[in-house]
Amino acid sequence: MPIGKKKNKSVSQSASSGKLVSGEQAQEMIDRLCQTYPESECELTFGDDFQLLIAVILSAQCTDVMVNKVTPVLFSRFGTPQALAAASLDEIKEIIRPTGFFNAKAQNIQSCAIALVERFACKVPRTVPELISLPGVGRKTANAVLGVAHGVPGWTVDTHVSRLSARLGLSAAEDPNKIELDLQSRFPGQDWSKLSITIIWHGRRCCYARNPNCPGCPINHLCPSSLM
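Okay, so the sequence shown: first residue is 16 according to our numbering, each after it adds one.
If you're looking for bench data, these hints aren't it; they were derived computationally from the structure.
Among the clues, some could well be false.
[What the hints assert, rightly or not] Pairs of lysine-lysine, BS3-like flavour, derived with a Cα cap of 30 Å:
no.: 1; residue 1: Lys209; residue 2: Lys138
no.: 2; residue 1: Lys34; residue 2: Lys193
no.: 3; residue 1: Lys138; residue 2: Lys108
no.: 4; residue 1: Lys209; residue 2: Lys34
no.: 5; residue 1: Lys193; residue 2: Lys209
no.: 6; residue 1: Lys84; residue 2: Lys34
no.: 7; residue 1: Lys108; residue 2: Lys84
no.: 8; residue 1: Lys138; residue 2: Lys34
Every value quoted in this text rests on a predicted model; they were computed, and no experiment measured them.
Make a model of the complete structure from these sequences and hints.
Pasting the structure below:
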């Protein structure tokens with residue numbers, strides 16, 4: 016369909032067409048997104064892999080912008096596993112309160128720090144099974160930390176990657192683990208960490224959850240959910 020010709024489809028219906036695209040179409044979409052966002056990188060502020068781990072845990076149901084506002088204070092006081100493990104839980108809660116769900120998050124990040132001290136000699140492990148054994152850490156967090164801090168490719172299936180995988184016709188799954196497997200099979204042998212971040216950037220800058228900017232999208236002619 017030519018660009019500029021409007022489909023008979025509402026914005027609310029554009030979340031997902033339910034149609035999966037071909038492998039060739041999927042590759043062309045991801046190539047164009049990588050060309051559009053060549054500078055894409057993790058937008059969380061951190062000093063080392065421990066700080067990245069804590070920042071990713073805090074980013075659940077919260078923006079990176081907000082997390083970056085609280086972590087400088089948090090890390091200036093408790094920037095190591097030992098310091099965070101020994102900190103006052105009430106003080107942690109007060110610092111991270113703006114990120115939301117601060118009671119559970121404070122407990123998770125302190126329990127995570129304690130586990131690192133007691134089980135991993137204060138070092139962040141570098142395998143997914145070891146990372147997801149830590150309190151508050153799932154596959155999304157593990158893949159994000161390994162990919163960003165250590166260059167280990169992995170799909171970070173956050174809310175952006177989940178909804179764009181459906182919207183772009185890359186996966187029909189709803190479970191994050193199944194989406195991860197679908198994306199692995201779609202793009203074998205590629206830098207999944209970089210592709211994750213690229214999709215996240217597109218979700219934040221163009222393909223919004225509500226009112227996606229289809230006219231300004233570089234892949235609207237390929238996307239099965241495009242309003243163009």
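Of the numbered hints stated previously, which ones are contradicted by the structure, given in increasing order? Going through the list in order, the structure violates hints 6 and 8 and respects the others.
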